[in-house]
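Taken in sequence, the protein lines are chains A and B. Per this note's numbering, the first sequence starts with residue 1, numbered consecutively. Per this note's numbering, the second sequence starts with residue 1001, numbered consecutively.
It should be emphasised that the hints constitute simulated quantities derived from the structure, not laboratory data. Fair warning: there could be bad hints in the mix.
[As the list claims (entries may be wrong)] No farther apart than 27 Å at their CA atoms in a straight line, the calculated lysine-lysine pairs in the BS3-like style are these: (1) A/Lys584 to A/Lys24; (2) B/Lys1147 to A/Lys400; (3) A/Lys347 to A/Lys284; (4) A/Lys351 to B/Lys1161; (5) B/Lys1187 to A/Lys404; (6) A/Lys529 to A/Lys666; (7) B/Lys1147 to A/Lys582; (8) A/Lys494 to B/Lys1187; (9) A/Lys475 to A/Lys496; (10) B/Lys1297 to A/Lys584; (11) A/Lys582 to B/Lys1161; (12) B/Lys1147 to A/Lys284.
All values derive from a computational prediction rather than experimental measurement.
Below are the chains, spelled out letter by letter.
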Amino acid sequence: MKFTLSWLKDYLDTDAGVQEIADKLTSIGLEIEEIIDPTEAIKNLIVAQIDECVAHPNSDHLHILKVNTGKEQIQVVCGAPNARTGLKSILARPGDFIPAFGEPIKVGKVRGVESFGMMCAEDELGVGQDHTGIIECPENAVVGSSITTIYPSDPVFDVSITPNRGDCMSVYGIARDLAAAGTGTLKPLYDEKETLVTPAFKSEIVLENTALDIGAPYFTLREIRNVKNSPSPKWMQNRLTAIDLRPISALVDVTNYFNITFGRPLHVFDADRVKGKISVRSAKDGEKLLALDGKEYTLSEGMVVIADENGVESIAGIMGGEVSGCQDDTTRVLLESAYFTPESIAKTGQKLILTSDSRQRFERGIDPAATIGKYGSDMVAKMILDLCGGECSEIIVTGKEPEKPAPIAFDSKRVEQLCGVDVPAAECKAILEKLGCTVKADGDKFIVDRPSWRSDISGAHDLVEEVLRIHGYDKLPATTLPRPNGVHGILQPKQKREVSVRRALANRGGYQTITWSFMSSVYAKPFRKADPVLIANPISQDLNEMRPSLIPNLISAARSNIVKGIPDGCLFEVGPQFFGFKPKEQESVAAMLRFGQTAQRHWAEKPRAVDVFDAKADALAALDAAEAPQNVQITREAPAWYHPGRSGAIKIGKTVLAYFGELHPKVLKAMDVKTSVCACEVFLDNLPPAKKKAGKGIKALKLSAFTPIVRDLAFIAPRSVDAEKIVIAAKNTDKALISDVSVFDLYEGANLGDKKSIAIQITIQPTEKTLTDEEIESVCRRVIGAVAANTGAELRV
Amino acid sequence: MSKLDTLQTELLAQVEKAASLTDLDAVRVSVLGKKGIITEKMKTLGSMAPEERKTAGQQFNAIKNAIAEAIEAKKEALEESEINARLAQEAVDITLPVRPEHQGRIHPLYQTYDEVIAIFGQMGFEVAEGPDIEDDFHNFTALNTPKNHPARQMQDTFYLKGEENGERFIVRTQTSAVQIRTMEAQKPPVRIIVPGRTYRCDYDATHAPMFHQVEGLIVDKTTNMAHLKGCLIEFVKTFFELDDVPVRFRPSFFPFTEPSAEMDIGCSRANGELKIGTGNDWLEILGCGMVHPNVLKACAIDPDEYQGFAFGIGLDRLAMLKYAIPDLRTFFESDLRWIKHYGFVPLDIPSTGAGLSMTGGNKR
């Protein structure tokens, strides 16, 4: 909402300066976005007089001027038709900023003649619209004085109005709120006894309203005839221009001026361009209107329109039609002043995706009491008659002013209860009265009747806010929040796991990233496990599906790094993935992706391409950080986006805790990644909840007094035999004695054919006595037997 | 000089001459070995007269001891020089780089997330979470946002395809939806914060289609707006790690709070550089207010008996302000160089006890 200082002062009597008004506005919830003083940038420009004006020798329209600045005479080349000797105009000298150019002017040469300045037109300086010639200052203008003596500074306020404050979508409303808050007093609009207009005739227009219950409860028209449309007066044009509205003609400008000044949207039809009976009704499906913005809108049932025998002429409260709009030759008009309900306006506006100053006001709720009479239609009619002449008819009214809501019972103690600041009852009453409420005592409480313009006030809580707002938010004390008793964890176990997993993965070299929860369907497709979850109104087709997995976004992230010249890296994300379009059809996943080489080339260690075992280690580390159970199984059940022979799943029973592996070359190719990529996905929601234990005590440590014995055994086995099977068979041979089994060598040379050699190291930990050689050999023999029996592997000899 | 003295001098010279441990051992064998000079001498003692034997025995022993001592000393010296020679041989270029190790980074947003949780945790808030996909009731209706509120327009809210019983679902526009889910599941007192992803149909220099909020909610019988102010002032001071931050509360509007406020913190923008905590300028940082009675009613909580406050903070914005990160969009670009530069080492775990963030030391 924009307005100028002088505009505000038409209604507010105050000595307060710009900053004081701005601070007050912000403190009562009308937040200042910006204060713009258009003359600030051009304040160096001065009034100068043309001493001499001769034709330019090389041009048929340029003049060479000798311009008197009050201190010296300078030469200026000027193309304006109104340049003439003796004229006082506005001069810009080299270095002076010209808003229309966006930069300062310089000394220049125009067709061979030097020019040391520029005589300016209004539109070039943003002080008006005139561009027919250079500014003509009055005779008595003082040569050498600042431009602000001709165009006084009138700063523009830009105020952000919250959706509840329809009443402040107007200069008058803002003045009223400032006055209530103690800054200035509201000027009376006119003498109460004054008669604004005297209707000269009864209009023959037939008006029918069948939309009383669907959004147009109160609709009025007034005919004004013998008007003469012409440009509106300069003061009105300047104000509209100052707030970025384009002056059109007196009849149109008046409606815009009222809209901004009083928050009263209006419409003016050219009465000679409408035909037959006028009806306020619901649109029919498929009806069309060419609106004043030059666009055609297709309407639907339920939208309130104003129509005549030709069809729809206006979308009620939002925008008029091109055909019935006022033109320069308009002589007879119909002035519409109505109350449309916010719901109806919002619905129609949203459906048509059409916004306007008028919609903004109706949507927030205008003052229904200012539809007819001295604060409504009469005031507008008077201005039209004043500017355009003519005579007005009696008003034609359909429907009636919506009933005011019931008064609100208000206990002033609520202010302290809710806000923690004690505002005495008398002050509460005074504040509410200043805001226009009628306040009656009811025992120790109040009965409050809100003013017609404050449709946002509906209950006692609103009155509490009003009291606090005017009393001052700055008077709110800051009270320390009492702490609840006892120690408790702030994080749920699941959240705690996420925190640990994030830190663990970062500790393993992962760079945490955050990627969109949505992605391109093209990339999502190979990763779907269920129907796609599509966004109906995506910001782009690249982001049209809720991600079914974190992996494709991480692949894209890797690719964007590779493109930037970073060939190797490790990225991880902890976040949701989606398997349905309803709430809770999502799961929390930690995914880490490595690409390229394990490290840069190094003098001591040779880097290698990242592989399945990096991903497996990442998955196990994440599970470990999340305190997953230790008894997991590794299987080959990874989904299709992994390399089928170099991937796996980590499971507990049937529950998948994680997938890991190298990514499928087809997936990488489709996403245009040419380097090695491995990844893991850990499904945090699938982790069994931690076991509840009575205390935090840890099981006692038992250390053996005897030295452990280590033996190495190598086996020859078919390639298909899993190393883990051999390890488990060995471990299970004698759980009491064998404390550890590990694989320390793998050989798959051609000389072994389709077999491989796997060497394991067995750690035998005596618990009761030192073992004899024979006893140790016996353990080894049993291990060899068990491995052979369980896997078919034979001791390599 | 007696013959024996000459012998001793000679033998000591031999010991001294030994250039290696092998040489030295040869000398030891030749002198003290089974057939060594001194050993042979000793053997002659048996054939001597008792008086003579006594004197000679002492003399022989003296020589033997002197040589043995010399050998021992020489041995130590040789060993020392031998090890020194080996160590000299083993010297490496210690300016070579160490073997590669990898430490990653925590994204600055999540560092901020952990900081915020630490601060509110200390004030007795618990973390609550809710789904990213929401229904109309939780995201809007129950939050007192009527059907035709501008926030529900297509331009702002992402809608999902698919319907259930005629209802379309959205991705949540605000973490406030979790207020409702929490109050449905739990009777007052409620004291929660809700960090999470939120989504709006908006993408330009200062808006991302996905961003992060942290919502706060207290509902009990006594918490009022002065507590809200106290709580948030404590938060900003702790978060920005400043002894004092000027704070301004302004009236504002949110459908789900009344009275509503926006909180600004004092800052300066001199020379284009934003400094928090000093200066004459204000920076909007969050929205808050007392929970609207209609919100409580939607959760079957009696607004005449219970009251409380709610606030919502943009986490991304907090991170940008505290750590002077200029562009929101870079948060979501996965640029490894950016994450390394603005990210945090994994052991920099925020805690109100140990200090919220590391000093930055000499690194930043």
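Okay, the hints, checked on the actual structure:
Note on A/Lys584 and A/Lys24: the hinted pairing is violated, with a Cα-Cα distance of about 46 Å set against a maximum of 27 Å. Restraint check for B/Lys1147 and A/Lys400: the C-alpha separation of about 25 Å stays at or below 27 Å, so the hint holds. Between the alpha carbons of A/Lys347 and A/Lys284 the distance comes to roughly 15 Å, so the proposed pair stays at or under 27 Å and holds. For the proposed pair A/Lys351 and B/Lys1161, the alpha carbon gap of about 18 Å is at most 27 Å, so the pair holds.
Distance hint between B/Lys1187 and A/Lys404 is unfulfilled; the C-alpha atoms sit about 36 Å from each other, more than 27 Å. For the hint pairing A/Lys529 with A/Lys666, the CA-to-CA distance comes to about 18 Å; that is within 27 Å, so the pair holds. Using a Cα cut-off of 27 Å, the hinted pair B/Lys1147 and A/Lys582 holds, with the two alpha carbons roughly 20 Å apart. A C-alpha spacing of about 22 Å is found between A/Lys494 and B/Lys1187, which places the hinted pair at or below 27 Å, so the restraint holds.
Proximity of A/Lys475 to A/Lys496 is assessed by CA-CA distance (about 40 Å); at most 27 Å being required, the pair is judged violated. Using a Cα cut-off of 27 Å, the hinted pair B/Lys1297 and A/Lys584 holds, with the two alpha carbons roughly 24 Å apart. Taken as a hint, the A/Lys582 and B/Lys1161 pair is honoured in the structure, with Cα atoms around 10 Å apart against an allowance of 27 Å. Of the supplied pair hints, the one linking B/Lys1147 and A/Lys284 holds, its CA atoms being roughly 23 Å apart against a limit of 27 Å.
Comparing the model with each earlier hint shows violations of hints 1, 5 and 9; every other hint is respected.
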